[in-house]
Amino acid sequence: MTQEHPSQQPWQPPDGFQMVESALEGITVFAPVQEQSPEEAPRTYICPQCGASTRFDAAAGGVACEYCGYTAPVEGQEVGRQAAENEFTLETVSLAERGWGTERQELHCEQCGANMTLEPGVLTATCLFCASNRVNVHPAPVDVLRPRYLVPFKVSPDQLQKPVQEWLGRGWYHPADLKTSASLARFNGIYLPFWTFDTIITADWAAEVGYERQERYYDASSKEWKTRTVIDWRWENGRVTLNIDDLLFCASQRVSPVLLKRIGSFNLEDLVSYQPDFLAGLQAQAYDITLTDAWEQAKTDLRERARQACYDDIPSRHVRNFSMTADFGDETWRYVLLPVYLTTYHLQGRTFQVMVNGQTGVVAGQKPVVWWKVRLAIAALLLPGLILLLLSLFSVFGENQSMLLIIGILLFAGGVVFSARLYGQAAASEAA
Amino acid sequence: MDTVPASSNSVVVAPQSSAWDTHLQPAGCSNCRQAFLVPAGRLGESCPVCARAALEPQPAVLQPRPPERILPFTQERAAVRSHLDAFIQPVWFKPPDLNVDRLMERLTVVYWPMWLVDATLDGSWQAEVGFDYQVKSSQESFRSGSWVSQEVVETRVRWEPRVGQIRRRFENIVTPALMDHNAHLEKTGPYQLDVSQPFESEDIEGAVLHLPDMQPENAWPIARDQFVSAAARDCQTAAAVKHLREFSLQVEYSDQNWTQLLLPLYTTRYVDDEGQQHPIWINGQTGKVYGVRMASQKQGQKWGLISLGAALLVFIFSLLLTGLGAVLPPAAALGGLFVLVSAGLLLTAAVLALWPWQWNRSQPDS
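Residue numbers (my numbering), protein chains in the order written: chain E, 1 to 432; chain S, 1001 to 1366.
Each hint should be verified, as a subset may be incorrect.
Pairwise CB distance ranges, derived in the manner of DEER restraints [unchecked claim]:
hint	chain 1	residue 1	chain 2	residue 2	range
1	E	Gly361	S	Glu1160	42 to 50 Å
2	E	Ile231	S	Gln1139	27 to 35 Å
3	E	Gln348	S	Ser1149	55 to 63 Å
4	S	Phe1131	E	Ser323	34 to 42 Å
5	S	Gln1139	E	Asp245	17 to 25 Å
Keep in mind that the hints were calculated from the coordinates and are not lab data. Quick reminder that beta carbons are idealized off the backbone N, C-alpha and C, glycines included.
One chain only, chain E, in its complex shape (with noise of 0.2 Å):
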């Protein structure tokens, strides 16, 4: 507490201060204002030059019409790691575990006057009539859980065609003609919903170690000295500190979590403040795993992580009785919009999907399978240890029989073990 002389200026409350309840007689209380959320009201976006529909454009960097080149740049705040983390207060939890609701919204088109109905937790919206882009069309149920970052789109539509191209021109078992006879649909901007998890687990744990020792022995019935490992045990405990930082979790549910992982991570350090414009004709969806669920099937993953860390302090990789406990301490999150593109392409009556990296490029995708060519090189490699087999049980090669006995059994498990993989690789390209 600090005394200073009274100024004989007239007492001002500082700028961005206003008057708020005193409890007391003679005392004014002055508190910051408190900060306004920016206008969510729907948006839509038209070319102030020549009437058409605008839309955010990754090459110029901001809302471009196609028609007439004007472009208007995008004012977002570069905030990239330093964008404002929030803290799991009991209050937003609460809020958090509500969702978006699952009731469908009806858009009014203020461009053309048609009316559109919108599926729940949708951002964005395109009039199927006039073609208008809309954004902030659904409301956020409170505050907090509205998007407030996301990176911005670096890939532009138009630089898709020859990556993708080249990815589906990959890998031996997949269809000769794919790269020419696939025929790609529009790659579909969309924005999906993540949380960002942070927190720093402290994780204590006790376990029995046991340590190898080599000793010398008398063997009674071969009556010579032999030497033989024992192992000592005895109790250790030791603590691990883990800093996780920026853990990405989807949280929409309509997205493949497989070619979600396949396309990779996002850089985050790109993260500029929540604009309609980045928005404007994609697509963006609000989330549909809450952050409750999303936070715990994290910490599901985040445990084991300790857990595992845990292993790596002991010393030895004899361990028995193992116990720990994981503290998380200062838990935040974050709830961000993150770029994808979407298509898809038909190939003999078969639809595939295809993902790309909004922010990298990074292609991923189903591909439809030539299963014969897999299976051909299936056999291709377990023939050579399965013929050394059949030779050496026929005692062809006479004396060399068990040599070649090993060889082929070597040869064998090498392609079987092979072989395993080649097919979990060809099933995999298929899924999604």
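Given chain E, put chain S in place with the hints provided.
Same frame as chain E, now just chain S:
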């Protein structure tokens, strides 16, 4: 005004004149330099604070207004007697003067002062205020191959700035009036100030009043800190918050009024072996006793010599028994036993002689 209060309000009271419509006269101690108002009959008695010199008439500087509030004595004389009895009980060899009857004979009723300051604060304040909120966390335990989750709710404080204006009168802000205020409080222990009563001159009839040696201009820095603390508490209440920190105040202090609060104290004294006077203080509200309890070295030495003499007699007797053992063998064994007894008495003599010295070393400086 944020200015030092003027001491020109103080008045000088000459010796042999009464103050505040009481029969008390100003007096002082030449040893501890403290000033008092005492009944005329007590002039020449020992100083109730240091007990090292007599109270002599001398002029005193007083505030024109009499004390405003007084803390009444709640410890009756009978209770004080038992407190003193318990206080001197642990001393094995007491000086002849350290006995309850004599201490009670010399019991003096003393009031010692604190300032009560009133002022109007006018200006602005700023602080950080804290709101409690709760966060959900968890603890995951791995035991016997399975995980157990435990929810943990933690309370944290969210800090926000607040500013405002203050125009408020604060009354009876308690401020030390003695340079040795903290030392006094250490000796007497704390007082419960909220049970004070309005001062009446009859309350101090026959009592000794310790006068402030810290005038308002000297006490003002401490008083101002007390005002800041009081203002911080009020601003916290006004903002309706649980926590407050980084409080700062820019105010003028006007309409200051300085009066006194009197705290009750009994004092008494005794003389040790060397003729040194030692005061004993008893908190008039709680009964806590403070003082230096000197043991009598003379008493210790006397009892030590008696024990030594007894040891010598027993030793001589044991020698006789040992000699007798030549004709009557059991007597030799008895002689050995008496040697041990004499050794015990010798040890006791040493303990008795040394105990007062050791005890006096453990006493605080008087």
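Now the hints, each set against the structure:
1. Gly361/E x Glu1160/S: 42 to 50 Å: holds, 44 Å
2. Ile231/E x Gln1139/S: 27 to 35 Å: holds, 32 Å
3. Gln348/E x Ser1149/S: 55 to 63 Å: violated, 49 Å
4. Phe1131/S x Ser323/E: 34 to 42 Å: holds, 39 Å
5. Gln1139/S x Asp245/E: 17 to 25 Å: holds, 21 Å
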